[in-house]
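So you can see what is in the structure, the chains are spelled out below.
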Amino acid sequence: MEKYAVYVPRLVKKRENFAPGHRACIGCGEALAVRLAFKALDNNVIVANATGCMEIVASQIPNSSWHLPWIHTLFENAAAVASGIEAAYKAMRRKGMDVPNNVKVVAIGGDGATSDIGLQAISGALERGHDFTYICFDNEAYMNTGIQRSSATPFGAVTTTSPAGKKSFGQFTWKKNMPEIAAAHNIPYVATACHSYPFDLMEKVKKAVNTPGPAYVHVLSVCPTGWRSATDTVIRLGRLAVETGIFPLYEVENGQYKMSIDLPKLKPIQSYLKGQGRFRHLSDDLIAQIQERVKLEYEKLLGKAKNGNKRTKRNR
Amino acid sequence: MTTRVGIEVSIAIADAVKLCNPDVVAAYPITPQTHIVEHLAELVADGELDAEYIPVESEHSAMSACLGSAASGARTFTATASQGLALMNEVVYVAAPMRLPIVMAVANRALSAPLSIWCDHSDMMSVRDTGWIQIIGENGQQLVDNIICAFRIAEDKRVLLPVMVHLDGFNLTHVIEPIAFPEQEEVDKFLKRTPYPLPLNPDKPVAMGEFAPPFIFTESKWAHEMAIVNSKKVIKEVWNEYNKKFGRQYTPVEKHHSDGAKVVLMTMGAVGETASVAVDEMVAEGQSVGQIRLRLWRPFPFEELRESVKDTDILIVLDRAISYGGPGGPVASEVKSAFYDQEKRPKIVSIVGGLGGRDITVAGFKDLINKGIKIARTGSKNEYEIYGVRE
Ligand SMILES: Cc1ncc(C[n+]2csc(CCOP(=O)(O)OP(=O)(O)O)c2C)c(N)n1
Ligand code: SF4
Ligand SMILES: [Mg+2]
Numbered sequence: 016m017e018k019y020a021v022y023v024p025r026l027v028k029k030r031e032n033f034a035p036g037h038r039a040c041i042g043c044g045e046a047l048a049v050r051l052a053f054k055a056l057d058n059n060v061i062v063a064n065a066t067g068c069m070e071i072v073a074s075q076i077p078n079s080s081w082h083l084p085w086i087h088t089l090f091e092n093a094a095a096v097a098s099g100i101e102a103a104y105k106a107m108r109r110k111g112m113d114v115p116n117n118v119k120v121v122a123i124g125g126d127g128a129t130s131d132i133g134l135q136a137i138s139g140a141l142e143r144g145h146d147f148t149y150i151c152f153d154n155e156a157y158m159n160t161g162i163q164r165s166s167a168t169p170f171g172a173v174t175t176t177s178p179a180g181k182k183s184f185g186q187f188t189w190k191k192n193m194p195e196i197a198a199a200h201n202i203p204y205v206a207t208a209c210h211s212y213p214f215d216l217m218e219k220v221k222k223a224v225n226t227p228g229p230a231y232v233h234v235l236s237v238c239p240t241g242w243r244s245a246t247d248t249v250i251r252l253g254r255l256a257v258e259t260g261i262f263p264l265y266e267v268e269n270g271q272y273k274m275s276i277d278l279p280k281l282k283p284i285q286s287y288l289k290g291q292g293r294f295r296h297l298s299d300d301l302i303a304q305i306q307e308r309v310k311l312e313y314e315k316l317l318g319k320a321k322n323g324n325k326r327t328k329r330n331r
Numbered sequence: 005m006t007t008r009v010g011i012e013v014s015i016a017i018a019d020a021v022k023l024c025n026p027d028v029v030a031a032y033p034i035t036p037q038t039h040i041v042e043h044l045a046e047l048v049a050d051g052e053l054d055a056e057y058i059p060v061e062s063e064h065s066a067m068s069a070c071l072g073s074a075a076s077g078a079r080t081f082t083a084t085a086s087q088g089l090a091l092m093n094e095v096v097y098v099a100a101p102m103r104l105p106i107v108m109a110v111a112n113r114a115l116s117a118p119l120s121i122w123c124d125h126s127d128m129m130s131v132r133d134t135g136w137i138q139i140i141g142e143n144g145q146q147l148v149d150n151i152i153c154a155f156r157i158a159e160d161k162r163v164l165l166p167v168m169v170h171l172d173g174f175n176l177t178h179v180i181e182p183i184a185f186p187e188q189e190e191v192d193k194f195l196k197r198t199p200y201p202l203p204l205n206p207d208k209p210v211a212m213g214e215f216a217p218p219f220i221f222t223e224s225k226w227a228h229e230m231a232i233v234n235s236k237k238v239i240k241e242v243w244n245e246y247n248k249k250f251g252r253q254y255t256p257v258e259k260h261h262s263d264g265a266k267v268v269l270m271t272m273g274a275v276g277e278t279a280s281v282a283v284d285e286m287v288a289e290g291q292s293v294g295q296i297r298l299r300l301w302r303p304f305p306f307e308e309l310r311e312s313v314k315d316t317d318i319l320i321v322l323d324r325a326i327s328y329g330g331p332g333g334p335v336a337s338e339v340k341s342a343f344y345d346q347e348k349r350p351k352i353v354s355i356v357g358g359l360g361g362r363d364i365t366v367a368g369f370k371d372l373i374n375k376g377i378k379i380a381r382t383g384s385k386n387e388y389e390i391y392g393v394r395e
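Those protein sequence lines, which keep their order, are chains A and B.
All you need for our numbering is the position in the first sequence, starting with 1, plus 15.
All you need for our numbering is the position in the second sequence, starting with 1, plus 4.
The set of hints was computed from the structure by calculation and includes no laboratory data.
Among the hints, erroneous ones may be present.
To be verified - Some, not all, of what chain B presents toward chain A, calculated at C-beta under 7 Å:
| id | residue |
| --- | --- |
| 1 | L71 |
| 2 | P206 |
| 3 | E214 |
We put the CB at the ideal spot given by N, CA and C, even for glycine.
Turn these sequences into a full structure, and let the hints guide you.
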C-alpha cells in the first residue's frame, strides 16, 4: 500500500464532493475521512446520511457541503433509505424511465448509527443484497450528542455515560466487532480503513462502490473533541491505532481475508493510549489487560488472512 | 366496460395497486394487512407487476425504504397495520414534511396491550398529526377506487403529500365483495406520470432533509400545513373527475337520510354499512334519523361537516378509539371543535364502541342511537359513553 503514495497524488481528482465550510471541530478526523471517501468517487453517487456529527456539521438549511445528491432522514435508517433509492433506480431504469445510468448509492453513519441503533436496518440491507455501500465513520462514541458511549467505544475509555469513578474504570465492555458482523453476512466486500492512510481509504471506498452487491467499509475516525486529544495528533493517532494492532487494516473479499499493511512488529499500545484524555485514568493492570486482548484479536485476524500467516509467526 | 367480480378486498387492493403501476413496494407483514402484501409479492413474482418488491426486515425500514424510493422519483407503495404503524411512527412523521408522495394502505387494527388482531381505529388515530392525508373506505369498491385516487392526489404538484388509505381489518381485509375494476388503459389515462420535481439525481444534486434552525423551522411547518389544508380542494377535484370517468362519486362527508333529520349518527369505516341498515329501519318506522359517514379524516372537512348537519338537533358520533383521560373519542372531539364557534349547532354526543373487533349489530346500532338521544336530552356526567362495556 505504501508504494502507491508516490503515484496516487497524481491520480486523485481535484474535485471535492464534500466541500469545506462545514462546522466540524478543528482537527475532526471524521470530516477528513468523509472528504477522502467521497473524493475517491465520481459524481454519479447518491448519499444517504444518518443523523450524527457529519449530518449536523455539513447541513443546515439553506447550506450544504455536499456536491452530491444527499438525503438525511433519521438516525438509524440510512441503510434502509439507501435500499429504497437503489430499488427505485433499478425499477425506473428497467421500466425505461428517464434516469441516469450507473447511479451508485452510498449510506453513511457514525458508530452509534451503525453498530447500535441502526444495526438491524444494516443487517437487513446487507442480507437482501442491495447494490450499495455502507460506510461507518467510527469515532468510538455518540459525539453529536455529547460523547456518550456506544458499543464501539473501546474498553477502558471514559465517555459521559461510561465515566470513571470510585467503582468504574470507564467503558467495561470490549468494542463490538462491526466489520466481522458485516462479513458474517457473506457480502462480497468488507474493509477497514482510516483517514491516516488516505490512499488506502480511497482505494477501498472505490472498490466497495464498484463491487456489485452490498459492500461495507469501516473507517476509524479520530475525534479530538471526544477523545480528549490534541487537534494536531489526529493523523498520528490514526496511524498508532493501526501500528499497535488496535485497529487493523484489512479487506474481506468474497470471504477471503487480506491484511492491507505489513506490520513486522506491533507497537505497544501505550504509545496510542497516552495522547488521549479518555484513557488517562487507566491503571497499568488495565493497560496490560487491553494489550493482551489486542494481541489475541490481532493474531486471530492474521490467522484468517491468507497473507497473514508469515506475519503471525513474526509477531509471536 | 366494467364487470364486477367477487374478490377478497385485500386481493382487490393489491390488484388496484397493480393498476397504478408502482415502481417500488417495500413492506413487512402484519395481520390483517398480510394478504395485500402477499398478493403484491405474487404479482411481482409472476411478472404481472413490474416493480421492485423490497422484503424489508421491519416496518421502520419499510417506511425508510419508501422515503428513499419516493425521494428518487419512483412511484411507491406500502401497507401496514397496528404495531407495524406504531413501529414505523418515527418515519411516518418524516414522509409528509419532506413532501414524498407515498401511498400506504393501513388495515386498521387495535394497538396492544392487550394484544388484539381485530379492528379498531387506535392505530389510525396514532398517526393523526403526522401530516399525511388520511382517507378511509367503507367497502371494497371504495377502497379500490381510493387507492387509484390516492396516487393521483399524492403526486399532484399542488399537493405532494403522502396518503394513507385506511380499511378496517378483517371487517374489510378478509371479506369477499363484488368489485368493479377500471380498465388498465383508463387508469393509465387518469394517473399520468408527473415527474417528481426535485428527485435525488446525480444530474442535478439536491440536499434533502437538512436540519432547520429556529429561523426557518416555523416556516417549514406552515408550508406543510398550507399544503395539507389546500389539498382538500384537489382531493375533491380528483374525486369528481373519478366520478366522471368511472361513475362513482366520493365526498369528504357522505350523507344518508341526513338532510332534514333531527338525529344524525356519524360513523367512520366499515361499521357505516351496518349502521345504515339500522338507520334505514328507523326511518321506515317514521323516525327522523339519518347518518353521515366521514371519508376524509385529514385534512378534516370542517365546512362539509357543518353543512351536512345544518338542520340537525342531535349528532351522535361513534369513535372506535379512546383518547385516554381526554375529551371523548378523537373524532367526536374534532366534531365538537368544529361546532363550538357556530351559532347554531347540534348537541354532540360522543360514544366509543367497536374496540378491538367488538361487533355492533343492527339492533345494537338502534340501541346506540336511542342511548345517544337520551344522553342528549337528559345530559350525562361523563365526557363520553362507552357502548356495550361490562363494568
Ligand atoms: C431515534 C433517535 N435516538 C436518539 C437520537 C439522538 N442522537 C442523534 S445523533 C446521536 C449520536 C450519533 O452518534 P454516531 O452515530 O456515533 O455519530 P457521531 O455523531 O459520533 O459521528 C444520537 C444519540 C436521535 N436523533 N434519534
Ligand atoms: S465532535 Fe468529533 S466527530 Fe464531531 S465534529 Fe467534532 S471532532 Fe468531528
Ligand atoms: Mg460516533
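Evaluated hints:
no., hint, in the structure
1, L71, "holds (5 Å)"
2, P206, "holds (5 Å)"
3, E214, "holds (4 Å)"
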